Amino acid sequence: MHELSIAMAVVEQVDDALRERGAERVPVRSLTLRVGELSGVVPEALDFSFGVAAEGTVLADARLLIETVEGRARCGSCGRDTATGMPPDLWCGPCSRAMNLTGGRELEIARVVLDDVRPDDAGERHGDDDAPGVTGAQADAAADAPARDKEASHVPHR
Amino acid sequence: MCRTVDLHQAVLAKNDTNAVELRRTLDDRGTTAVNLMSSPGSGKTALLEALLSRAAAGGTPAAAVTADLATENDATRLARSGAPVRQILTDGLCHLEAGMLRGELEGWLPEETRLLFVENVGNLVCPASYDLGETVRIALASVTEGEDKPVKYPAAFGLAHLVVITKTDLAEAVEFRREDFLRGVQQVNPGVPVIETSARTGEGVDALLAHVLRAADGRETHTPVLARQHEKHLHHHHDDDPVADHTHAPAGAADHSHAPAGVPDHSHAPAGVPDHSHAPAGTPR
Ligand SMILES: [Zn+2]
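Protein sequence lines correspond, in order, to chains A and B. Residue 158 is where the first sequence ends in the UniProt record's numbering, and the numbering goes up by one at each step. Residue 285 is where the second sequence ends in the UniProt record's numbering, and the numbering goes up by one at each step.
Incorrect hints may appear among the rest.
Said to hold, decoys possible - For each label pair, taking beta carbons as the anchor points, the in silico distance ranges come out as:
{"hint": "1", "chain 1": "A", "residue 1": "Ala83", "chain 2": "B", "residue 2": "Asn73", "range": "19 to 27 Å"}
{"hint": "2", "chain 1": "A", "residue 1": "Ala45", "chain 2": "B", "residue 2": "His8", "range": "22 to 30 Å"}
{"hint": "3", "chain 1": "A", "residue 1": "Val42", "chain 2": "B", "residue 2": "Ala207", "range": "35 to 43 Å"}
{"hint": "4", "chain 1": "A", "residue 1": "Glu24", "chain 2": "B", "residue 2": "Gly202", "range": "52 to 60 Å"}
Claimed, not checked - Partner residues aside, some chain B positions facing chain A, computed with beta carbon under 7 Å:
{"hint": "5", "residue": "Val11"}
{"hint": "6", "residue": "Ser39"}
{"hint": "7", "residue": "Ala128"}
Hints were generated in silico from the structure; no laboratory data involved. Quick caveat: nothing in here was measured; it's all calculated off a predicted structure. Even glycine gets a Cβ: it sits at the ideal position worked out from N, Cα and C.
Between the sequences and the hints, there should be enough to build the whole structure, so can you do that?
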């Protein structure tokens, strides 16, 4: 069961990311992962493993939200765009050719929601937004996030 | 009041970084890593023994790393070929990670090594998620395991550059339905070459070694559909050639790829078809 290794990698990366932002002691309220259907990871096993891996960390009380991403493929000849299914069928029969994968292999940490921030922390945040490896959109992320969380197709009970 | 931090980080980023660096280091010294994945008891060690002996006989310096949960039996067996062999004990971990392999090779791998075979932990689920810096990833299944292996383990077979059937000397006895197996392979990994082998009779071992050597020289390439989204991030080879389409097998290679009877050879994308092997714009990573 490699989900435990994966959960540990998640905890470590979130920890590092928060440390970089000087927020290593700020409890995490929720953590959103995007898990592709074809990523070879079982969401239920990951959910269980996360509980173990998060123990004693800032993620200990975090709600884990898993957004499942459907496997999809497109045929370059006929343009057919279809769910791959699981196990995936990546062969376009009518065209006799391999399809192109457009989604389903994702395995990423999308975002974390942190607990209360002191106002002076908020000031520091802006500089951090330009740090290497950080995507640009943090500024509007807070407003954006609640709506996106609703898209989660797999929300485990924790 | 709370705050959201968008991270958009690949969960396996650390492993992938290790894999990319290892692949580059190996490339620079002319070594090609071959990652072998199968379930326990598929005959992987016997085949590897035969491969190492053939490589030695053919003057190809080869070495092997074998990963096991607990015992060192495999290393002892493989060492009989005379090749440098190293055992990694994973202490119960169900897969190898690139960092573990990097650490193991440091100061050990002989300079002249041309091929480095990495016998992954016997398991078709977990190892599939970890790039080890290999250039050739092989998924193996024996004829005794049943025809549905490829669809049961789509990540392992779907991400392979080559599929190897082992123990073909037993195929008749166990009534192995070759066509069903090949259909499953075709479904999850269209166009992947399949080589049938028997370590006991020696069938296919030379063909397999020749295939691996051609892949090492970049003359034999297959890019699995499942790998294409991430491929350009993980394969140093392609850095200098970011828009090339690597899905076309080189001319003349088709005879080696054993497109099985009744299954057409699909490794050639039709001419004029746009290249879709790259992650669509906007894909995070
Ligand atoms: Zn089509």
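Status of each hint after checking the structure:
{"no.": "1", "hint": "A:Ala83 <-> B:Asn73: 19 to 27 Å", "verdict": "violated (44 Å)"}
{"no.": "2", "hint": "A:Ala45 <-> B:His8: 22 to 30 Å", "verdict": "holds (23 Å)"}
{"no.": "3", "hint": "A:Val42 <-> B:Ala207: 35 to 43 Å", "verdict": "holds (36 Å)"}
{"no.": "4", "hint": "A:Glu24 <-> B:Gly202: 52 to 60 Å", "verdict": "holds (58 Å)"}
{"no.": "5", "hint": "Val11", "verdict": "holds (5 Å)"}
{"no.": "6", "hint": "Ser39", "verdict": "violated (15 Å)"}
{"no.": "7", "hint": "Ala128", "verdict": "holds (5 Å)"}
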